[in-house]
Every structure is written in C-alpha cells, then in structure tokens.
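**Q** Residue numbers (this note's numbering), protein chains in the order written: chain Z, 1 to 112; chain P, 1 to 113.
Treat the hints as calculated values from the structure; they're not laboratory data. All figures in this text were calculated on a predicted structure; none of them were measured in a lab. Incorrect hints may appear among the rest.
Said to hold, decoys possible - Where chain P lies over chain Z, by a calculated footprint (3+ residues, C-beta under 8 Å):
#, region
1, 21–32
2, 70–84
Claimed, not checked - Listed below are the simulated BS3-like cross-link pairs for lysine-lysine, each with C-alpha atoms no more than 25 Å apart in a straight line:
#, chain 1, residue 1, chain 2, residue 2
3, P, K68, Z, K36
4, Z, K22, P, K58
5, P, K58, P, K100
6, P, K100, Z, K53
7, P, K69, Z, K40
8, Z, K40, P, K68
9, Z, K36, P, K49
Claimed, not checked - Label-pair restraints from in silico Cβ distances:
#, chain 1, residue 1, chain 2, residue 2, range
10, Z, N17, P, L18, 32 to 38 Å
11, P, G62, Z, S20, 17 to 23 Å
12, P, S9, Z, E58, 41 to 47 Å
13, P, S84, Z, N57, 25 to 31 Å
14, P, S80, Z, Y51, 31 to 37 Å
15, Z, R30, P, L56, 43 to 49 Å
16, P, S28, Z, P83, 35 to 41 Å
17, P, S26, Z, E3, 42 to 48 Å
18, Z, P8, P, T110, 27 to 33 Å
19, P, A53, Z, R30, 46 to 52 Å
20, P, S52, Z, G14, 45 to 51 Å
Where is the CB? At the ideal position from N, CA and C, for every residue including glycine.
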Amino acid sequence: DTEVTQTPKHLVMGMTNKKSLKCEQHMGHRAMYWYKQKAKKPPELMFVYSYEKLSINESVPSRFSPECPNSSLLNLHLHALQPEDSALYLCASSQQGGTEAFFGQGTRLTVV
Amino acid sequence: AQSVTQLGSHVSVSEGALVLLRCNYSSSVPPYLFWYVQYPNQGLQLLLKYTSAATLVKGINGFEAEFKKSETSFHLTKPSAHMSDAAEYFCAVSNFGNEKLTFGTGTRLTIIP
C-alpha cells in the first residue's frame, strides 16, 4: 500500500471559519509533509514532521497550524484564512528525509 | 544548498515522437533526484528516482532518466509519446538526511495527435 489519503478533496471556507485538513498514511513512514501549490507553480514546502515532531516550519503564518497526533496522521488546522490562501494543499510522506516522497491527491481549498 | 532548473516551461511533441524533458541540478553533496508527474487537479506521482545506484533509471509508463554528474543533468525521456502522457512534470532534488525536497518550476507536456 503506497497510498497517502487526504480529506476532504474540496473545501470552501469563509475568512472567519475554522477547518482542518487531514492526511493519513499506513506505509510506516517517519516523515510527513504539508505543501501548498498555487496554479501553474511547483509545490512549496510548509511543514515537515519527523518522528512525530515538527522539524521544519518554512515561516508559515500562524493561521496555519499543523498537528501530528501519531505516526500515521497529519492534520493542518486552518483559522482566519485569506483569499490568497486558496490553493491545492498536498500531504506527503517518506521513509526518512531524502528518500522518495509519496503524495496524496490534495485538498482544493477555496477561501471566500 | 540545492536547486533544480527545468529548461522549457512548455514542451509539445507529436504522438509517437520522442519525449525529452530537461533537468539540471545544483547540489553541494551527492544528490537524490526525482521526476514526478501531475495530472490536472491531482497530487504528484513518482515516475522514477536516482539515489546513487545505476545512472540509467527506468520508471513507470515507459519513462527513463540518466544521471550525468559531469553535466549535472537528469533529463527525462520516453521513446514514443502517448496522449496519456500530457501532464505537468516536476524534477526534484534532495540528499540523504535532508528533509527538504526542492522542486523545479515544472514543464507542461502537450501531445499533438
């Protein structure tokens, strides 16, 4: 099983809403990632969790709050987002840093 | 420090023709190199990877890439393009123990019937 599952697939939220994106993998991978991808651009790294601890935060605004409840799950909590935060949010996992990353199908987020 | 340059943001080839997508990398340590494909409104799928074993790497869907250290290149090829190959292709670089995967800007491949 080389699958990373993301829910929901689509999300529309207002600027005052609180929502969460969820990601799950059962490959025993120890690193998990959140990426943001705008149209016609490559993915931009947001956060990395290694062994369930936050190891990289790419200076992401605090309205994005990651959480890693266990080695299989990764959440991204969203609060007070701006329209410019609308994008495809991708979760990925890898066995360890540097090895190939497996990506989920993404959550298409629209902030209105 | 590491970086990737993909030459050509758009490439068009005829169905059945050779596909060549270019990728050059910069890395201060031995690199790991990857090619990913992305179809519209989907995630990224790994096509192939180079992690310091064989320099000619074969991937899925008939794609292959050759690591050339002297040219710092990792170009992606496929002998005969198929309509289903139309997608966005990303080259990426990392290295052992480095959790940051650095992507190129991507190449959109169009297949002409």
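**Q** Hint by hint, which ones does the structure fall short of?
**A** Hints 1, 2, 3, 4, 7, 8, 10, 11, 12, 13, 14, 15, 17, 19 not satisfied by this model.
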